[in-house]
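Engineer: Below are the chains, spelled out letter by letter.
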Amino acid sequence: MASRRDRDPLRFRRRVLIGVWLLSGTAVLVRAGQVQVVQGNHWQELALRQQRAAQEIPASRGRILDREGVPLVETQEQFEVGVAPREVRTGDAEAVKQALQSALDLSERRARRIVESDDRWIHLGRFPPSVQAELRGLRGVYLTRSLRRDYPQGRMALGVLGSVQEGRGAGGIEEAFDDVLRGRPGRAIVAKDPSGRIMGGQVFQMEAPISGSDLTLTLDADLQAIAKEALMAAVDSTEATGGDLLVTDPHTGEILAAVSVKNGVDAGLSFISEPVEPGSTIKPFILATLLSRGRAALSEEVDVGDGTWSQCGRVVHDVSARGVMTLARAVQVSSNVALAMKAQELTPHEEWEGLRDFGFGVGTGIAISGESHGTLRKPDEWTCQSRASHAIGYEIAATPLQMAMAYGALANGGRLMEPRLVKEIRYPDGTQEAREPRVVRRVIRRRLAEQITEVLVGVVDDGTGTAAGLASFTVAGKSGTARAYVNGDYNRDRFFSSFVGYFPAEDPQLVIYAKLDEAKGYGGALAGPVTRATMEAALAARGTPLHLEVLPQLTRSTAGGSGQAAPVIRFASTDLAATPPRTDPSIIAQAWSPDRPVLEVQIPDLRGVPVREASRILHALGLRVEVQGSGMVRGTRPLSGRLVMTGDTVLLRSGRVGQ
Amino acid sequence: MAAHPVDVAPARTTLPDAGLGRGWEASVLMALTLLILSFGLVTLFSASPFVARRIDVADHYFVAQQATGAAAGLVIMVVLARVPYGFWRWAAWPLVAVALVALLVLILPGTEAIAPVRNGARRWLRLGINVQPSELAKFAIIVWTAMMAVKKRDQFKSLSRGLLPFMVVWGVLLLPIALQPDLSTAFLAGALGLLTVFAAGARLSHFAFMGVLASPIVWLLLQVDYRQARLASYVEQLSNPLAATSDGAGYQFYQAMVALGSGGIAGQGFGKGWQKFGFLPEPHNDFIFSMVGEEWGFLGVTLLVGLYLALVLVGYRIARRAPDLFGQLLAMGCTNLIALQGFLHIGVGVGLLPTTGLALPLFSYGRSNLLVTLAVLGILMAVARETDLDWRPGLRQNGRAPDLARVAIGGRRA
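Chains as they are written, first to last, in my numbering: chain A, 1 to 659; chain B, 1 to 414.
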């Protein structure tokens with residue numbers, strides 16, 4: 001032993017040390033095994049918790065299109081750009097400055113100031129996605145995607161469309177079809193730094209968002225614009241507090257245009273939410289109820305005497321009707337006395353049933369919320385005046401939409417349709433789901449509907465609604481005036497004036513409802529011209545959903561025969577005092593006939609004409625209008641006197657532009 | 001001549017074949033060195049860009065710096081492999097002197113221009129390049145202790161004449177290191193000296209006595225709040241790493257555990273670790289091992305620990321076969337330098353040791369450390385090479401190295 005110790009005296013201590021190191025190594029490995037293998041999952045989870053964040057990627061909300069596919073609402077991707085000047089590396093400063101300058105269109109001075117600033121954060125605003133290309137990946141420059149609802153056609157029909165608040169539809173289509181439009185948000189797993197902030201540019205896992213579906217509405221953007229223009233003009237000139245204008249397709253129940261104006265703003269939904277007493281516009285339905293139950297005949301004679309009739313202490317007056325006339329004529333001249341008297345032939349239940357079948361007092365089933373059912377009390381709540389009151393449109397309230405749908409039933413051979421706002425849903429995968437028209441019920445027989453239409457044609461030809469007449473087509477319609485019920489009493493000067501018409505009477509394609517709230521004057525004289533202006537413009541506007549090839553054959557006018565005449569078109573003024581001149585838009589209708597697809601027209605001299613008036617004139621010529629500024633027209637492009645094709649766009653420049 | 005191989009002088013002046021000697025030890029050592037060094041550079045490449053960005057330098061800054069250090073270090077290693085290790089016996093005192101002067105410059109007032117305060121401590125000398133004198137001190141201590149241990153071997157039985165002189169010199173070197181302050185390095189350097197003395201045969205009762213002496217110092221050091229907090233959290237983490245939380249004193253430990261643990265068995269993959277982005281402190285230096293754990297997993301950790309253990313075993317083999325006692329102690333000291341640093345670093349990385357800031361040799365960023373480590377490996381190779389020089393075959397009897405204190409090569413021949 002001793003000799004061995006001599007030979008290698010450090011052997012033992014060395015072995016101890018080797019042992020220590022081997023043990024240390026083993027201990028380290030055992031510990032590493034414990035942490036990495038045994039507890040690995042736990043630490044992995046903790047790692048992910050502090051390193052990763054799940055981020056919701058909002059789905060692009062679906063578009064809302066008009067019936068022709070014109071986008072009314074779309075979602076725009078934008079990028080919020082911010083700079084953290086302190087994070088910009090000194091070596092990169094010049095590159096960052098130039099990128100900001102060119103991508104965001106900044107001045108050199110401003111870009112330099114941003115880069116050289118001592119601020120922690122500079123927010124530069126929202127920019128289109130194109131800025132991404134130049135700015136992505138630059139240190140210190142941050143891009144945040146955001147989605148904004150955009151209205152490429154301007155803010156039209158906002159009441160119908162609704163809005164989006166915090167990603168959710170609020171009101172109108174946006175709310176009613178939120179599920180369809182919203183889509184499904186995606187998820188991204190992104191990186192966090194120790195302070196919990198998202199580190200840009202690192203996406204580990206991504207579940208792409210599924211865009212919302214597009215909705216094709218039944219609205220027609222052009223028609224909507226025309227309707228708004230016509231209604232606004234009428235509201236202005238009649239000093240009305242507001243009004244509604246509806247254009248519907250009687251066969252399908254489609255709503256082509258819907259404008260509700262109140263206090264000069266057209267964002268309302270009063271066409272479904274605010275029922276008013278319809279006044280005389282109810283009379284065709286009383287007539288239909290009488291005829292369908294065999295209680296009266298159109299040729300039956302009624303004696304209205306001196307134009308007054310009383311019942312249960314209520315005196316009913318006629319404005320002009322006197323003496324003996326047929327029932328048909330009585331409706332045409334809107335005799336209150338005749339209708340009130342004839343209504344006594346019906347039991348209260350029959351009258352109630354007749355009106356209810358046309359949709360009064362019942363929801364129409366329109367897709368958007370906020371609809372009022374109007375008022376139609378049950379017969380057991382009626383007083384002894386009620387039958388007569390209903391016959392002349394009092395004690396009953398109906399929304400403009402209910403009126404339009406009821407008239408649609410007359411125009412549609414007696415079948416009441418459910419109003420439609422949505423034509424189809426276009427899913428992101430390209431498939432489509434059409435929303436089919438739905439018949440609510442057959443209210444009256446076809447023959448009866450045609451007979452009533454004939455009566456209503458007479459209203460427009462020489463009854464109370466002549467102001468709504470068109471030279472080229474037969475229009476069926478009825479005016480109505482209800483005294484405004486203001487502060488608990490009927491006001492003698494203020495009226496709800498309305499007119500409902502459909503045309504061409506032989507094969508109705510459009511129902512137009514117009515109402516002016518608390519306007520000065522009577523229904524036919526007030527709302528009629530609005531209706532006519534709308535009809536004329538609708539004929540002129542491109543893309544109007546009229547079956548235009550049918551129209552020329554229906555025109556009574558022969559003016560279009562030669563096709564050579566340079567059309568000189570005058571327009572119905574909505575001015576109260578003026579007797580509206582007869583217009584001749586037949587030439588315009590002809591423009592779309594298969595033989596004559598377009599027509600040359602001459603641009604009139606519009607200088608000094610109010611912009612609104614001027615656009616109506618151009619619309620009637622079959623031209624599209626673009627407006628610059630407001631006030632009086634200063635000039636047009638192309639210049640007046642030039643020949644353009646129908647369907648071309650004319651730029652109206654107004655006096656106030658740029659000053 | 002053949003009868004007196006001790007006196008075979010002529011061959012000594014012209015060393016045969018300048019390679020790594022005839023044995024395989026030096027070659028294996030070289031291979032291990034290159035393997036670990038490459039592994040380290042690759043890991044640094046992944047770990048450092050984020051750190052580089054934070055201090056506003058190019059992404060590859062740390063890797064480039066370390067690579068130049070590695071190149072210079074390898075040259076030094078190859079040169080030292082050819083320098084007869086007896087040279088270090090002669091150089092021991094001068095080394096201590098140089099290290100002491102450098103350390104004193106660090107702690108003296110008025111020298112801030114070349115010894116600036118960084119992170120609350122003065123550890124670097126700015127001499128064109130930054131030099132860390134404490135690295136030199138570690139090296140000086142292993143060389144000097146080996147030299148002194150050979151000298152004092154016979155007097156180890158006496159405390160005053162045996163161990164005390166060692167403690168005086170160590171104390172002189174360690175105190176300025178502790179005052180930088182850099183307690184970890186001071187502890188490391190002291191431990192290295194002790195290991196050499198232990199290997200040389202110092203009495204265990206003396207170690208116990210020293211332990212008693214040191215306890216008041218340890219107690220004093222623990223009066224500082226943050227050290228107590230660290231110790232408390234260490235005790236807790238040691239028993240149950242899962243109880244770790246990311247706040248307060250346990251933050252670094254927690255992040256190191258997250259890095260290591262999330263590596264799992266196979267690791268996140270090279271460059272895919274995420275803890276380096278601000279979660280791990282000093283991912284290029286104090287916690288570079290955690291990066292290995294995260295990116296290479298348990299397999300990578302096993303490989304790395306295996307490489308270091310292999311290196312230690314080869315080092316001890318070289319020590320065992322060293323031609324003389326000085327060679328043996330020097331080789332053990334050199335090996336211990338790498339082994340102890342490696343264990344302290346990795347021990348922290350796996351949560352076995354309280355958090356300290358020690359470099360992983362050949363791995364962590366830091367050129368002073370890298371140069372010293374490579375120099376030390378060069379010395380190990382020199383010992384290995386001289387063991388197998390064929391001009392001394394006769395010296396080896398029965399496979400043992402005789403007491404060659406008298407036949408050391410170099411200037412110190414008796």
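FYI, nobody ran anything at the bench for these hints, they're computed from the structure. All of these numbers come straight from a predicted model, not from anything done at the bench. Even glycine gets a Cβ: it sits at the ideal position worked out from N, Cα and C. Take the hints with a grain of salt, since some may be wrong.
Claimed, not checked - Label pairs and their computed distance ranges (CB to CB):
| # | chain 1 | residue 1 | chain 2 | residue 2 | range |
| --- | --- | --- | --- | --- | --- |
| 1 | A | I210 | B | D247 | 51 to 59 Å |
| 2 | B | I217 | A | E45 | 53 to 61 Å |
| 3 | A | P9 | B | L213 | 22 to 30 Å |
What the hints assert, rightly or not - Looking from chain B toward chain A, a few residues come up when the C-beta cut is under 7 Å (computed):
| # | residue |
| --- | --- |
| 4 | P241 |
| 5 | G278 |
| 6 | F279 |
| 7 | V301 |
| 8 | L352 |
Engineer: Give a verdict on every hint.
Structural biologist: Taking the hints in turn, this is what the structure says about them:
no. : hint                          : result
1   : I210(A) x D247(B): 51 to 59 Å : violated, 40 Å
2   : I217(B) x E45(A): 53 to 61 Å  : violated, 42 Å
3   : P9(A) x L213(B): 22 to 30 Å   : holds, 27 Å
4   : P241                          : holds, 6 Å
5   : G278                          : holds, 4 Å
6   : F279                          : holds, 5 Å
7   : V301                          : holds, 5 Å
8   : L352                          : holds, 5 Å
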